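Chain by chain, the residues run as shown.
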Amino acid sequence: MRLIRPTLEWLDARLKIGAAIRETADHPVPRRSASWWYVFGSGALAIFVLQVATGICLALVYVPSANEAYQSLQVLNHQQALGWFVRALHGWGSNFMVGLVLIHMIQVFLFGAFKFPRELTWMVGVLLLVVTLGMAFTGQVLRFDQDAYWGLGILTSIAGRVPVIGGQIVQIVLGGPIIAGETLTRFFALHVFVIPGLLIGFVGVHLMMVLKLGVNEYPMPGRLVDKDTYIAEYEAEVHRDGVPFVPNAFRKDLVFSGLMLGAVVLCALVFGPFGPGGAPDPTIIQTEPRPDYFFLWIFSVAALMPPGIETFVLLVGPPLGILFLFLLPLWAGVGEKSWRRRPVAVLCVILAILGWATLTHYGRTSPWSPVMDAWSALPVPAKDLEGKSALVRQGALVFQAKQCRNCHALGDAGGRRGPALDDVATRLTKDQLIRQVLQGGGNMPAYGVNLSPAETTALVSFLETLHPSNEPAAQDASQKSASVR
Amino acid sequence: MTTPSTRRDLLLRLGIGLNALAAVALATPIVGYLLSPARRQKMRDALSWVELGGLSSYPEGQTRMATFRNPSTRPWDGQTADIPCWVRRLQGNDFQVFAVNCAHLGCPVRWFPQSNLFLCPCHGGAYYADGSRAAGPPPRGLFRYEFKVENDRLLIRAGMMPTLGNIIASRRGRRGPPCA
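Residue numbers (numbering that gives the first Met the number 0), protein chains in the order written: chain H, 0 to 484; chain L, 0 to 179.
For reference, chain L alone in the conformation it holds in the complex (with noise of 0.2 angstroms):
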């Protein structure tokens, strides 16, 4: 081997070499701007209490729906950043909190006070009034959101779209409240 061939073998290593470096430095911050929505941070910072209004819009024993701005949103979010939930009030300062997704696959379930049903218009999951499960293919009851009561007004935790891999992380302890 000449040397002048020795010196373009190692020009060719350190060309190599040289990209193999930008493209990790290329690479970490695009792979980390891609991943970002699913950091554990940003997930428990989603969540945040909303007002849904005074006790006085939701009669003792009745089930009404109501609608939140999502906590956190985009100025072009539009629309979709208004979420629907169902509010059953008991009686007194005890309620429940449904998500309007169906614990299914998501889909929106209708509250039927004849038959003290909510029914789902995708695959046909059915939920009892206190949010458990009536029939149909839903692996479970209603997703809850965690609320409370502050100066007559009803608050709820709320900010993800509820799906079973909220509720599964949420079982192991993981992420706090049992759901939303």
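Isolated chain H, as found in the complex (with noise of 0.2 angstroms):
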């Protein structure tokens, strides 16, 4: 004990650090900023360091060799001492980081810290944004399994949309023709060196700006900010009311990285590492591809656009939203920081999250894609066939065996992509059955050419008959009438 103090002041008349330490310690924060809301970054940052100390220990045995990477997750899973543990660290690891950036984002933005002087702050902190989720998805391409591969895919097919240089942007992408080694070899560069190192100095950037322009203070209804007078009052407001960041604000920072940390550990013990999931071998195509959770909603958007809109919307939406968030604070860098006072901000992060949730939602639930197996798997529902003629049920059968069902739910099961047809006679009359059969449309194939007459004759007397039996089949008033001439 004797020692530590001479060690340091050793180290001190040399590095000439320990005042600055001190200055950055004890710098004054608003007594009320030093609160439970103010948290969220300092949180992000521990996870951050988290991620690079068991980053460097899973490449200590990951190989980046698209032939090899696959077996070497799946040594680190099973048979390298404790690997799962570290996987499943940098796993749950990356999914608070990116959660607690996107907290920490909603937090600054409601209480206004990003106007005047902190503009650049907030814009640094948009970048930070963008390569944390950069990470994310290289991150993600590393756990070389089929997501991985064919998420490369849908990468790859959005850049090809890019109009006239799409197949040179495409080609850099994967570094060659295909998906292959030097795909991943280039992924892994992004993730281990390129974009940490832009993370560390963006990072540096932000953190240096917090301590010089200071911490926000809490934002008071009715106080608003004016570029001429508001340095003058925050200074004002920290000296006469101000508590050092050391212990006041920095005790709250700690317990709540703290218990971050033990939250991330928590979960790698419980439920483990991600994956891999089946081999990145492209010929096994028995797969439903789906990125990780903070991509799905892009993945949904890529559903449920309209084709005509679609290679504009996800080509030119992202960099448009990036470059919108990025200059907020020029547009809106003065005036009202409260959020009670701010009903349209408020608004903005309500819809933004319900938007979020709700396309997450389907990207989980892929309402739009077929069930592959409904039409083998399923049982038609006992009441469709009870007492019914032979015509009927076998219709019923053609329904099953043309993969109806893939598309088409009975009794609450199956594709959800087509309309439920427990009810569809109350709403086409046979006619327009058979048209819609034969035909398709409305995003329906026309299963013309593959029905012989007597099948469709078949199956249209089955979803004839499916209607409540409370409500009549629907009728043509035109046939009813000439049949009764």
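Check each hint, because a few of them may be wrong.
Derived coverage of chain L by chain H (criterion: at least 3 residues anywhere in the stretch with Cβ under 8 angstroms from a Cβ of chain H; other residues may be distant) [as the list claims (entries may be wrong)]:
id, segment
1, 8 to 19
2, 60 to 72
3, 120 to 129
4, 134 to 142
Source of the hints: derived by calculation from the structure; they are not laboratory data.
The model shown is predicted, which means the values in this text are computed figures rather than measured ones.
A virtual CB, placed ideally from N, CA and C, is assigned to each residue, including glycine.
Starting from two chains that each stand alone, build the complex the way the hints lay out.
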């Protein structure tokens, strides 16, 4: 113990950073800003440090080769001592980091902390969001399994839609004409060298500006930001009523960071590592590729967008969104800070969260995808067969055998791509059913060449019986009057 | 201004100039290195004829999956260089060879002989047996490989992951074959 002080003094006599550290620790922050609302950024930083440490550990074993990456992941999971745990920490750490960055961003937005003079801090923060998502995507590629392979396929196909130079961009993204060895090595280089370098640089600038400009004061409704007076007012406030960063704010940061790290450890222990899923073998096509959860919403957008504007939305939407966030403080850099008096801002956040959650939910359930095994796996509901004629039952067989069930549900089971058919007879007359089956339309393939006349007759007879007992089947009024005459 | 400071000025300018020259000398090859996958010559060379086996493995009127080793590979490509495709033999030497990648966003489409449809597991794209678009978000039909039959063996011109980028470029007649 007696040696510590002289050692520290010896070091500081040469490093000369003691004063700067003391100044940082003692710098005054507004009393109310030493708040639990202000802990998310440091939480994200703590997780980032964990990611660096676990990432280096993984790089000791992982082989960034298309031929061996998958095996090395299996070795990490099953043979390397505690490899599964380090993988789990890194995977859960990435989820927590993306989550905390987003929560931090929402808090900063709602508390008006992006306004004068902290515009650039926010802009660098937007860049940090971009590189964090970049880490998440490239990391998902390094978990080189089926999802990673086909995820690259999706990225490639989006890049291929760029006008004029799409083909060239695809080649540069993949490092060659197909998804293969050089694709993995370039994503490895991005994930391990390029993006972490940018991330560390941006974090440094971001933190430096937080220190130089001071922590945002707790917003008071009605207290407007004015470029001419703000800095003097802020200085006066922290000198009159400020508290030192250490320990008043720091202890909450410390507790929260510890909680988050503990939560990552707990998740890693309880839930284990993510994947890898099936081997990255393109000839195994019995797969349903899905991205990790933070990109599921984009996956949903790709399914739900009208084809006419899809390319535009996929290519222009993300950069435009990022640009909007980036330029936000230049557009709304002064005025009211408190969310209590910024209803549009609150509404935007609520809409963004709802939109994200809804699209993520759709991404998980993918109602637009046919259920590939519904035709062979699901039984026809008994009520649709009981007491029905042989022709109708034959129709039910055609319905299953021609895989109508993959897109159409009966009795709440089956695909959701098309409408459920439990009451289709109340909506379509016999002639309309025949037309729809043979010609398709409304996003349904035409089955005209695929069904014999006998099969069509049977199928339509079956469909005609599909209506609730208390609702009659639809009838063609003109046919009815014609037959009466 | 005194003589020595002029000399120092000159030295500074010389230093900046030298470094600028060095920067250009370094940046040119580095940028060239980074962009090399997109060289037109390299992209053209990526395509070549690959064999999909004898005609007897493709019964008339049926659609079967075939796999081939990508013509340009690295030793460390592993399974990723094994590329699948769908071969539809209409009759005799009349074939259609489709890329497995959905024209929407590249996911692998599956062939269902029961309903005579190709279905995509990602966003629900559907194609008829002849590869034309049936339903869902794809902007066009399935990508097709150029094929030929030689000595009772089926060959296709392949080597590049098909995307709308390749297709658009080829439609303008800049890169020959209609696909792949």
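### Query
Checked against the structure, which of the hints given earlier come out wrong?
1
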